[in-house]
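Trainee: These are the residues of each chain, in order.
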Amino acid sequence: MTSGDVKQLVWGAILLALAACVPLVANGYWMSIALTIAMFTVLSTSWALFSGPTHYISLATAAFFGVGGFLVGTGMSDYNTDYWTMVVIASLAGTVLAFLVGLATLRLSGVYFVIFTLGLAEMIRTLVSWIQNNFTGSRGLYVLTDLGEADIYIHLVLVAALVYLAGWWIARSRLGFAMRIIGNDEMVARHVGINTAFSKVILFTFSGFVASLVGALIAPRYTYIEPNGVFSPELSFIVVIMALLGGTGRLWGPIVGVIPFALLQEYINANYSNYSTLVLGIAFLVIVYFLPHGVLGRLEETWAKRRRSTW
Amino acid sequence: MDIIITGLLLGGTYALIAFGLNLQYGVARIMNLANGEMIVLGALAAFWIFVADAISPILTMLIVAPLSFFGNWLIYRFLLRPLVRRAKNQGQLEVDSILATFGMAFALVGIMVSIHGEYYTYSYLAEPFEILGETFALNRIVAFCFAVLIGAALWLWLYFTRTGMAVRAVSVSTEASGLVGINVPQLSAIAFGLGGAVTTMGGTLISTFITLDASVGVVFTMKALIIIIMGGVGDIRGAIVAALILGLVETAVARLIDPGLTLAAAYAIFVLILLFRPQGLFGRKPS
Amino acid sequence: MKLTKLFKSAAIGLSASMLAVSVQAADVIKIGAVAPKTGALGGGAVVTQWPNVELWSKQVNAAGGLDVGGKKMMVEIIEYDDKTNPGEHIKAAQRLAEVDKVDFIVAPYGTGFNLAAAPIYAKYNYPHIAVSAISDKMPELTARYSNLFFTLGNTTSFSESVVDILKDMRAAGTIGNRVAMVNVADAFGIELAEAARPRLKEAGFDIVYDKSYPLGTPDLSPIIKGAKESNPDAFVAWSYPPDTFALTEQAIIQDLDVKMYYTAVATCFPAFVGKFGSKINGVFGAGGVNQDSPDIQAYFKAHKDITGKDADGWASANTYVSLQILGQAIEGAGTLDRQAVIDYIKASSFDTIMGPISFEDQISNRFWTVGQWQDGKFRGVKSSQMAGAAPIVAKDGWN
Numbered sequence: 001m002t003s004g005d006v007k008q009l010v011w012g013a014i015l016l017a018l019a020a021c022v023p024l025v026a027n028g029y030w031m032s033i034a035l036t037i038a039m040f041t042v043l044s045t046s047w048a049l050f051s052g053p054t055h056y057i058s059l060a061t062a063a064f065f066g067v068g069g070f071l072v073g074t075g076m077s078d079y080n081t082d083y084w085t086m087v088v089i090a091s092l093a094g095t096v097l098a099f100l101v102g103l104a105t106l107r108l109s110g111v112y113f114v115i116f117t118l119g120l121a122e123m124i125r126t127l128v129s130w131i132q133n134n135f136t137g138s139r140g141l142y143v144l145t146d147l148g149e150a151d152i153y154i155h156l157v158l159v160a161a162l163v164y165l166a167g168w169w170i171a172r173s174r175l176g177f178a179m180r181i182i183g184n185d186e187m188v189a190r191h192v193g194i195n196t197a198f199s200k201v202i203l204f205t206f207s208g209f210v211a212s213l214v215g216a217l218i219a220p221r222y223t224y225i226e227p228n229g230v231f232s233p234e235l236s237f238i239v240v241i242m243a244l245l246g247g248t249g250r251l252w253g254p255i256v257g258v259i260p261f262a263l264l265q266e267y268i269n270a271n272y273s274n275y276s277t278l279v280l281g282i283a284f285l286v287i288v289y290f291l292p293h294g295v296l297g298r299l300e301e302t303w304a305k306r307r308r309s310t311w
Numbered sequence: 001m002d003i004i005i006t007g008l009l010l011g012g013t014y015a016l017i018a019f020g021l022n023l024q025y026g027v028a029r030i031m032n033l034a035n036g037e038m039i040v041l042g043a044l045a046a047f048w049i050f051v052a053d054a055i056s057p058i059l060t061m062l063i064v065a066p067l068s069f070f071g072n073w074l075i076y077r078f079l080l081r082p083l084v085r086r087a088k089n090q091g092q093l094e095v096d097s098i099l100a101t102f103g104m105a106f107a108l109v110g111i112m113v114s115i116h117g118e119y120y121t122y123s124y125l126a127e128p129f130e131i132l133g134e135t136f137a138l139n140r141i142v143a144f145c146f147a148v149l150i151g152a153a154l155w156l157w158l159y160f161t162r163t164g165m166a167v168r169a170v171s172v173s174t175e176a177s178g179l180v181g182i183n184v185p186q187l188s189a190i191a192f193g194l195g196g197a198v199t200t201m202g203g204t205l206i207s208t209f210i211t212l213d214a215s216v217g218v219v220f221t222m223k224a225l226i227i228i229i230m231g232g233v234g235d236i237r238g239a240i241v242a243a244l245i246l247g248l249v250e251t252a253v254a255r256l257i258d259p260g261l262t263l264a265a266a267y268a269i270f271v272l273i274l275l276f277r278p279q280g281l282f283g284r285k286p287s
Numbered sequence: 001m002k003l004t005k006l007f008k009s010a011a012i013g014l015s016a017s018m019l020a021v022s023v024q025a026a027d028v029i030k031i032g033a034v035a036p037k038t039g040a041l042g043g044g045a046v047v048t049q050w051p052n053v054e055l056w057s058k059q060v061n062a063a064g065g066l067d068v069g070g071k072k073m074m075v076e077i078i079e080y081d082d083k084t085n086p087g088e089h090i091k092a093a094q095r096l097a098e099v100d101k102v103d104f105i106v107a108p109y110g111t112g113f114n115l116a117a118a119p120i121y122a123k124y125n126y127p128h129i130a131v132s133a134i135s136d137k138m139p140e141l142t143a144r145y146s147n148l149f150f151t152l153g154n155t156t157s158f159s160e161s162v163v164d165i166l167k168d169m170r171a172a173g174t175i176g177n178r179v180a181m182v183n184v185a186d187a188f189g190i191e192l193a194e195a196a197r198p199r200l201k202e203a204g205f206d207i208v209y210d211k212s213y214p215l216g217t218p219d220l221s222p223i224i225k226g227a228k229e230s231n232p233d234a235f236v237a238w239s240y241p242p243d244t245f246a247l248t249e250q251a252i253i254q255d256l257d258v259k260m261y262y263t264a265v266a267t268c269f270p271a272f273v274g275k276f277g278s279k280i281n282g283v284f285g286a287g288g289v290n291q292d293s294p295d296i297q298a299y300f301k302a303h304k305d306i307t308g309k310d311a312d313g314w315a316s317a318n319t320y321v322s323l324q325i326l327g328q329a330i331e332g333a334g335t336l337d338r339q340a341v342i343d344y345i346k347a348s349s350f351d352t353i354m355g356p357i358s359f360e361d362q363i364s365n366r367f368w369t370v371g372q373w374q375d376g377k378f379r380g381v382k383s384s385q386m387a388g389a390a391p392i393v394a395k396d397g398w399n
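Protein chains in written order, with the working numbering: chain A, 1 to 311; chain B, 1 to 287; chain C, 1 to 399.
Think of the hints as simulated: they come from the structure by calculation, not from any bench.
Careful: at least some of the hints might be erroneous.
[Said to hold, decoys possible] List of simulated lysine to aspartate or glutamate pairs, EDC-like, C-alpha gap at most 20 Å:
1) C:K275 x B:D53
2) C:K137 x A:E301
3) C:K123 x C:D136
4) C:K301 x C:E54
5) C:K101 x A:E266
6) C:K309 x C:E331
7) B:K88 x A:D185
8) C:K275 x C:D292
9) B:K88 x A:E300
10) C:K259 x C:D168
11) C:K123 x C:D292
12) C:K228 x B:E130
13) C:K101 x C:E202
14) C:K123 x A:E301
15) B:K88 x A:E266
16) B:K88 x A:E301
17) C:K275 x B:E127
18) C:K304 x C:D292
19) C:K30 x C:D103
20) C:K301 x C:D375
21) C:K123 x C:D100
22) C:K72 x C:D27
23) C:K259 x C:D210
24) C:K137 x A:D146
25) C:K228 x B:E118
26) C:K346 x C:E140
27) C:K228 x B:D258
28) C:K309 x B:E118
29) C:K167 x C:E202
30) C:K228 x B:E127
On a predicted model such as this, the values are computed, not experimentally measured, just so you know.
Chain A extracted, bound-state conformation:
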């Protein structure tokens, strides 16, 4: 490890420690917002671990997230298993599913990949609904725990630490190197001897694992789990959009998109509630036109300009 690496690790640790202190100062309202930000940060960053370097936009996040939440709900409601056991089972299930999906998508590229992941997520949603109807037939999935928003937030911060550490390590490893080449030109990568299939599947699986873990951890927040709620495709889109807004070029890109967007969304919902959808759409359009490479892109351009101007 170089001194640069050590500096990055230290910075990361400090920021995470600060994040963990939020519950000490935030009231219920800001805690809610912080929780939402934490959730989307973890989801977007882990999404970007795969989709960032490879440029394969995956819309399958909702499938893994839903599996996490749904299994926790079913396990606790129908089989009286305790929460933490279900969290482990749910994330394992999500990982296996992500592995299979990763394998399935190996031959796809471009927009075919994107829509394939979308269709797959939808298929899982309706399948789970059907299974719930015909086999578990439960009377609504109740997740009744004593976990408050602050507790869930801390869990998510821990997962965030895991994701950032993984991302940091990957970037420095052969895997990260391989992903960058794949992203630039997959044909070249294969010719140079990189096992593109292995790399893609590993990262996709990790991404899915994190998503299902988050789904499981956040289930207590909603108390009542419905397949049509936790498998909502809207979630996949929002995760992608936040990551793209922030910029996927760097590990800390997505969070730079998540925080302003979440705050903007909150501001609009609070002040223009009756027109929130419309205003949000317009805000979106403004962002797309003035931040073509995401917030990160804009920041980097500004820094580059400043550096140039000092010469």
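Fit chains B and C to the given chain A structure using the hints.
Mentor: Okay, now just chains B and C, sitting in the frame of chain A:
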């Protein structure tokens, strides 16, 4: 037999919603996530005009088509052209168009909700019609007939007119078309406008037999995306075949296996086709 | 001089009115309301919930406000659209509590949302009078949240009432034993079908067709055709608004000849009779209302006059009742202290448009379960302890 006809009727509906997106994505290269909202706009127009003046949705469709063409053309010219110009490659354009049309979709939903927040319920031609001894809904049959008409008109235009040929050329390769003197920006705008018009007409027709409301657009967008990818991007035959397959599979599963699995089966077919033919049914293999 | 006098009196008048305004501004009861205006449940909430919030608050303020311990206070509604998104709803609920610092809240729309928000409202001890929340876990939930009240009934009663109607009609010789049952594959539909199945079997009915369909299925004609083929005497669908409309349209087209036809949610909507007219005479639906009660008639008229919309035949009245209860509890307790209001609700009986309502262990046992369209009006026919049930009529064709 009954299953086949019902399946075809449903497939015709699906084809309607896919035509427009096929033009917009295949030619103008815009992944229009606001496609579903165009459908709902058509439905809203039909509902409004029918409830206020008892004018048939078929007539509304004819009024709505040129309006939608013009509106979509404007959207392409002023909102989407700048993105096309600044995109350095197709991937970048896709990302940008996804984000921009997503914003448009939100904005449109917001507008429609303030116009009419409840379900668009009205009854048009909800009568039985017999084919070969089986009863079907007249409104569905009418919608199917119009879908066929629109599809045929589109096909004729694409394959038998100069502009149509130019549009097909652009869908094969933007650069090559430019090289042979085709005005790509102008044609893309026309294709986008035409795609929007067809989509809105589809929405008007669909609203005669499905109850829609302002927020349901996203469901249709997803269906349309799945159909054009399954059929292979850029080829209108692919979209039609994929739509019909989907309609037939959904109906067959609903009657023969379990209605609870209709959507799961539809997506399963989609997934299977892509696993064995990653470029869709009629798509071109990526070079 | 005259001009100076004019200025002086104007100045005094202005400052007096400003003083009055500033005093008045403090005499406002802030009530928060979060429910969908867009999203999957938006269409339903816009019919059932929002108009009643508007109606009640306008009526209260027109009468000078609520009497809180001798002081008249006007009511101010702070509303947010949760876009049918539970995460959004939770944030909005927190916003109401911490930022807007509302005194009271209107319960959310939909079982899932009432449950998601319950812990938050419990934390701030808001009286949470739930309407559109149907659950069989009510005892467990009320034990957990001592501020939570249920008013619409539970899954068991809704399914039992339908089975009771089937039994009555069979006893009268109108129908036989064959029942076709379908449900939407969503928690609501699944729970009700689950509750109905054993009861139907126990009562000796033959479930000849038993299927579910995913939420958002565009073509429900296979379901109706399948049901028709099984030759049923009765058709029961545990359905949501879009499918309620779609199934009924198909039933009309296919001429599903049953003497008993039931669809669940939205059957009682004005848009239902608006779309189908006289064809749906005799159709049963979830909910019900006593059309002959003068209180209800006055309520319907006021609803139409003030909001411009027609009330539905089920949860509209219940939503209004929940607000009446809140208002009367505030006046009865004579204070804005939330615990005092909660205690008052637990202990008292309320005079509402649905008659007297009181709570046993935070649950109200007076509610309509099934209604039927009779000559253009949706009448309650089965209930738990409600008065004024209309007699049942058999369905006679679809014209």
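Trainee: The structure should be examined with respect to each hint, and the outcome stated for every one.
Mentor: A quick look at each hint next to the structure:
1. C:K275 x B:D53: 15 Å, holds
2. C:K137 x A:E301: Violated - the C-alpha atoms of E301 of chain A and K137 of chain C are around 56 Å apart, more than 20 Å.
3. C:K123 x C:D136: 23 Å, violated
4. C:K301 x C:E54: Satisfied, since the Cα-Cα distance of roughly 14 Å is no more than 20 Å.
5. C:K101 x A:E266: Holds, at roughly 17 Å.
6. C:K309 x C:E331: 29 Å, violated
7. B:K88 x A:D185: 16 Å, holds
8. C:K275 x C:D292: 24 Å, violated
9. B:K88 x A:E300: Cα-Cα ~18 Å, so holds.
10. C:K259 x C:D168: 12 Å, holds
11. C:K123 x C:D292: Status violated; Cα separation ~41 Å.
12. C:K228 x B:E130: 16 Å, holds
13. C:K101 x C:E202: 51 Å, violated
14. C:K123 x A:E301: With Cα atoms ~46 Å apart, K123 of chain C and E301 of chain A exceed 20 Å; violated.
15. B:K88 x A:E266: 33 Å, violated
16. B:K88 x A:E301: 17 Å, holds
17. C:K275 x B:E127: 13 Å, holds
18. C:K304 x C:D292: Holds - the C-alpha atoms of D292 of chain C and K304 of chain C are around 17 Å apart, at most 20 Å.
19. C:K30 x C:D103: Holds, because 5 Å separates the two Cα atoms, which is no more than 20 Å.
20. C:K301 x C:D375: 19 Å, holds
21. C:K123 x C:D100: Holds: K123 of chain C and D100 of chain C sit about 16 Å apart, inside 20 Å.
22. C:K72 x C:D27: 8 Å, holds
23. C:K259 x C:D210: 18 Å, holds
24. C:K137 x A:D146: 17 Å, holds
25. C:K228 x B:E118: 31 Å, violated
26. C:K346 x C:E140: Roughly 17 Å separates the two Cα atoms, so the pair holds.
27. C:K228 x B:D258: This hinted pair holds, its Cα atoms lying about 15 Å apart.
28. C:K309 x B:E118: Holds, because 11 Å separates the two Cα atoms, which is no more than 20 Å.
29. C:K167 x C:E202: Holds: K167 of chain C and E202 of chain C sit about 11 Å apart, inside 20 Å.
30. C:K228 x B:E127: 17 Å, holds
When held up to the earlier numbered hints, the structure conflicts with 2, 3, 6, 8, 11, 13, 14, 15, 25 and fits the remainder.
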